[in-house]
Amino acid sequence: MEIQFKLVDFLLVSPAVALFIFSCIPLLIKVLRGNVEQNSFATLIWGYMGIIIAAGLTVATMGSNRTAFEGALVFDGLSGFTGLVLLFVAAVSLTFARDSESTNDKQFTENMFLMLNCVVGMLTMAWANDLIVVFVGLELFSLCLYMMIALSLEQRTSKEAAFKYFILGSFASALMLYGISFIYGTVGSTYLPDMISAAPNLLATNRLFLFGFVLLLVGVCFKVAIFPFHAWAPDVYQGSPTPLTSFMATAVKAVSLAFFLRLVASQAFSVERFWPFVDVLQWLAVLTILVGNVGAFRQKSLKRMMAYSSIAHSGYVLIGLIAAGIGGASMLGAGGVMFYIFSYSIMTIGAFGVLHLLETRADSDLTFEDLRGLGRDKPWLALAMTILLLSLTGIPPTLGFWGKFFIFSAAVKQGLVWLAIWGVVGSIISVYYYLRPIVAMYMEEPTAGRYTFELRPLSYFAVLFLALLTMAFGLASEPVYQAVLASVSKVF
Amino acid sequence: MLLTTLIFLPVVFALVVAALPEEKWVRPVSFVLSLGHFAATCLLFWRFNPASSALQLVEKHAWVPTFGVNYFVGIDGISFWLVILSAFLTPLAVLGSWTAIEKKVRAFHICLFLLLSATMGTFLAVDAILFYAFFEASLIPMYLMIGVWGGSRRLYATMKFFIYTMAGSLFMLLAIIALIFMTQEQMGQMSASVLDFYNLDVPFVAGDFLNTQTLLFFAFSLAFAIKVPMFPVHTWLPDAHVEAPTPGSVILAAVMLKMGTYGFMRFVLPIFPEASEYFAWFFMLLGVVGIVYGALVAMVQPDIKKLVAYSSVSHMGYVMLGLFAMNLYGTTGGYYQMLNHGISTGALFLLVGMIYERTHTRQISEYGGLAKAAPIYTIAFLIVTFSSIAVPLTNGFIGEFLILLGTFEANRWFAGVAVLGVILGAVYMLWAVKRIFFGPRGKALGHYEEESLDINGREIAVLIPLVILIFWMGLFPSDFLNWSKASLDNLVQNRTHYELKLEE
Chain L
1 MEIQFKLVDF
11 LLVSPAVALF
21 IFSCIPLLIK
31 VLRGNVEQNS
41 FATLIWGYMG
51 IIIAAGLTVA
61 TMGSNRTAFE
71 GALVFDGLSG
81 FTGLVLLFVA
91 AVSLTFARDS
101 ESTNDKQFTE
111 NMFLMLNCVV
121 GMLTMAWAND
131 LIVVFVGLEL
141 FSLCLYMMIA
151 LSLEQRTSKE
161 AAFKYFILGS
171 FASALMLYGI
181 SFIYGTVGST
191 YLPDMISAAP
201 NLLATNRLFL
211 FGFVLLLVGV
221 CFKVAIFPFH
231 AWAPDVYQGS
241 PTPLTSFMAT
251 AVKAVSLAFF
261 LRLVASQAFS
271 VERFWPFVDV
281 LQWLAVLTIL
291 VGNVGAFRQK
301 SLKRMMAYSS
311 IAHSGYVLIG
321 LIAAGIGGAS
331 MLGAGGVMFY
341 IFSYSIMTIG
351 AFGVLHLLET
361 RADSDLTFED
371 LRGLGRDKPW
381 LALAMTILLL
391 SLTGIPPTLG
401 FWGKFFIFSA
411 AVKQGLVWLA
421 IWGVVGSIIS
431 VYYYLRPIVA
441 MYMEEPTAGR
451 YTFELRPLSY
461 FAVLFLALLT
471 MAFGLASEPV
481 YQAVLASVSK
491 VF
Chain A
1 MLLTTLIFLP
11 VVFALVVAAL
21 PEEKWVRPVS
31 FVLSLGHFAA
41 TCLLFWRFNP
51 ASSALQLVEK
61 HAWVPTFGVN
71 YFVGIDGISF
81 WLVILSAFLT
91 PLAVLGSWTA
101 IEKKVRAFHI
111 CLFLLLSATM
121 GTFLAVDAIL
131 FYAFFEASLI
141 PMYLMIGVWG
151 GSRRLYATMK
161 FFIYTMAGSL
171 FMLLAIIALI
181 FMTQEQMGQM
191 SASVLDFYNL
201 DVPFVAGDFL
211 NTQTLLFFAF
221 SLAFAIKVPM
231 FPVHTWLPDA
241 HVEAPTPGSV
251 ILAAVMLKMG
261 TYGFMRFVLP
271 IFPEASEYFA
281 WFFMLLGVVG
291 IVYGALVAMV
301 QPDIKKLVAY
311 SSVSHMGYVM
321 LGLFAMNLYG
331 TTGGYYQMLN
341 HGISTGALFL
351 LVGMIYERTH
361 TRQISEYGGL
371 AKAAPIYTIA
381 FLIVTFSSIA
391 VPLTNGFIGE
401 FLILLGTFEA
411 NRWFAGVAVL
421 GVILGAVYML
431 WAVKRIFFGP
441 RGKALGHYEE
451 ESLDINGREI
461 AVLIPLVILI
471 FWMGLFPSDF
481 LNWSKASLDN
491 LVQNRTHYEL
501 KLEE
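Protein chains in written order, with the working numbering: chain L, 1 to 492; chain A, 1 to 504.
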């Protein structure tokens, strides 16, 4: 078989190429200067340039609906939108990483290199139109993440987190690969479109395909921390340096959920044979919401609390995914999921950013008590945190409210009212723990002279900007929702 | 543009207050600004046409057109007085808290203005999602008010307040979503406008709980019943009231509780007419239980503020009783009692706050003989008490009389028990008055000279408008009810096929 690559293929993947080139430049400079770390700000600028150029190229190719490399990659609205979210999140996380005690040292260049290549892996997975490419992208970004976590200056928990993430992540990858092999064996191809068109038929007739498909779903569920595959998340999120936690909690979820959405588009949920698994998925959504919210309820550490809350948010998205799967032609579910990914990414990374700004040492692990007096000492930061937390709770008119509104709407529309009710119950529980930091910031007696240090300007600006976005897109959610609907329209 | 101005002017004021260079200017500037807002609200007296039951001064702009969600505001006779009441009480709250709020004065007034904006929005929104947004948004400033400026158990109280209210309203959100999809099925186009909800045919099966209309009815009712609050979901109210600072209590009692009863009038009764009628007995029963229970619990409270809080439960029970009597007397009385409760309970909280600032105790047992030490205060307190226990010539009498009249028409038994509540109301209030103002000189007054406890000019200025209103509303109720009559008639007479037209 003769494989031909056309020039247009390389143009389409140019965002990844640009990211890779710009990630190498600071590394090259460092090597040429005899392994002397250059100014971290200059490294950051190289990273920004890579991200901006990649974003520009993504926008240029967005919606072209072309495939590249013999159909292995697809550039539709879904991959373009996910790519933009990823690049945005990466830019913010990179800013945090540069300002953090635990990542900015003589190895910041390596950190930046890994972060950008992580995004290359994620972009690959977002574009992937072939199960093997999905796996390659997944492994690429996972490996980068393991290394980045282990590179942290914090000694006590980050090594454990990296190792735990590595072992469990590898396990999930293995399951997924195992599933892919069964799919290949039954479909005779690893192309996603082949699988999707064959799925309804094969699910009904072929047990081996069913087995492979379920394993594939399990692998994805692991990445987005769906109960009972969630247990790694709190430890890993808490142990990793906060800039990386913010990156993992948003980018990994965004890309995995986008892939989940592609699987859901296979009409598998309308196959009668698969219904028991849909029921199981519904229960998993309910349990994820409960486990996440009840878990967060009990935490003292803010990072751990956010980790559990992010599990709960995965549960809400799963409601949307099920609605999208059952809905068939209806785009409400898919639109809700993509909107939720967008809104969740913005508010979660912002909330982690606030925690990151308050960490003074590499091994800081903030508790609720540490937020006391923030309202007095750093009023703008406290205001930003308040907005982000209210948005995570889903109070209108913030972005988070619309995320929940679109997801619940999709569920109600598809007759999944009981899932929506569980979502509501989860949201009610979440009110308590999302409000507790606000209580600490404004209402509890501050410990004298706590927050006298200067906030790092770039991260500070980023957090304020994210809080502003949460409000602005909350007041004007329609443009985003239209963009989201346009992005999923070709897939569904 | 008038309604939008009324909603968002307070936000501008909040920014102005935030930008003031010195904190000592915050109070006077806030007072002048809130008076300005009230003056702007009074423009409604010229712009609003009381003869029409239609929705007036409408503004409509697309917000999230995919779901038929609009920025859609308008005013009719039902929202009219609630809007005026909110605007009227804010300057009084500012003036009344002149010395009560000592720390973070600027932030407090920002909260007050944001709360005013949210309450205005809640009463003026005609789009369900917009209503929900304002309804929820109003929680945040109140949450902060209780939590930052409240008493010793403020954290518990404010958390409870927030979670209770949020719990109810999230189910309402689901119900709103369901109604939006119903408009799509029945009218071919998604719409979150309440006017379209009125035209929906929501399927109802009597005797079966799990049918669409009943479920939606209870989803909405739960949200509003918690807000009102009705027995047995009232337990957040005493905590929130006791811990809230005086102006917070005033706004909470006078305005925010009305969001609940207003919700019943705007959403529950007209959208779900069959279910409302079918379950009217249930809500009347809860109302009656609330009346008696609130009164009995108020009677044994050692804390004045808690007593007033439980009296609120009792009074709001009357309002619910009147609304679910579903006749003209009951509905009119319920509506009037909403305003009365705003005036009299607001005034009571102000009065309790005034004496608390001087003696720093709210325990009834530590008072006694206050009539001699503070004669003007005593007169004001007595007038408000009379209003609260519905003595003729005061506003409370008109409201409760109409409610009882309506209830008697609907169900004699409930009316009989509710009358008992009137007696109990007199018992707990007058007994408290006796213990506070008469008898031997109490411990709390020990250090004070004769009459030095009395209220000053500023506090008298706060109370005068309220006292005037108590008598004005008691003697000339038609001055007030004429503005709402057309809308209330429309609500009662066309309940089963309610329609709200837009004014041409």
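Quick caveat, the hints were computed from the structure, so don't treat them as lab data. Be careful, since some hints might not be right.
[What the hints assert, rightly or not] The calculated DMTMM-like cross-link candidates involving lysine to aspartate or glutamate, where the alpha carbons are at most 25 angstroms apart (straight line), are: (1) A/K104 to L/E37; (2) A/K160 to L/E444; (3) L/K300 to L/D194; (4) A/K103 to L/D235; (5) L/K159 to L/D235; (6) A/K104 to L/D235; (7) A/K160 to L/D235.
To see whether the hints hold, each was checked on the structure:
Between the alpha carbons of A/K104 and L/E37 the distance comes to roughly 47 angstroms, so the proposed pair goes past 25 angstroms and is violated. A hinted pair counts as satisfied when its Cα atoms are at most 25 angstroms apart, and A/K160 with L/E444 qualifies at roughly 16 angstroms. Taking the CA atoms of L/K300 and L/D194, the gap is about 48 angstroms. The hint is violated against a cut of 25 angstroms. Between A/K103 and L/D235 the CA atoms are separated by roughly 41 angstroms; this puts the pair beyond 25 angstroms, and the hint is violated.
Among the hinted pairs, L/K159 with L/D235 is consistent with the structure: their alpha-carbon atoms are about 11 angstroms apart, no more than 25 angstroms. Of the pairs offered as hints, the one joining A/K104 and L/D235 is violated, with about 39 angstroms between alpha carbons and a cut-off of 25 angstroms exceeded. The straight-line distance between the Cα atoms of A/K160 and L/D235 is roughly 31 angstroms, outside the 25 angstroms bound, and the hint therefore fails.
When held up to the earlier numbered hints, the structure conflicts with 1, 3, 4, 6 and 7 and fits the remainder.
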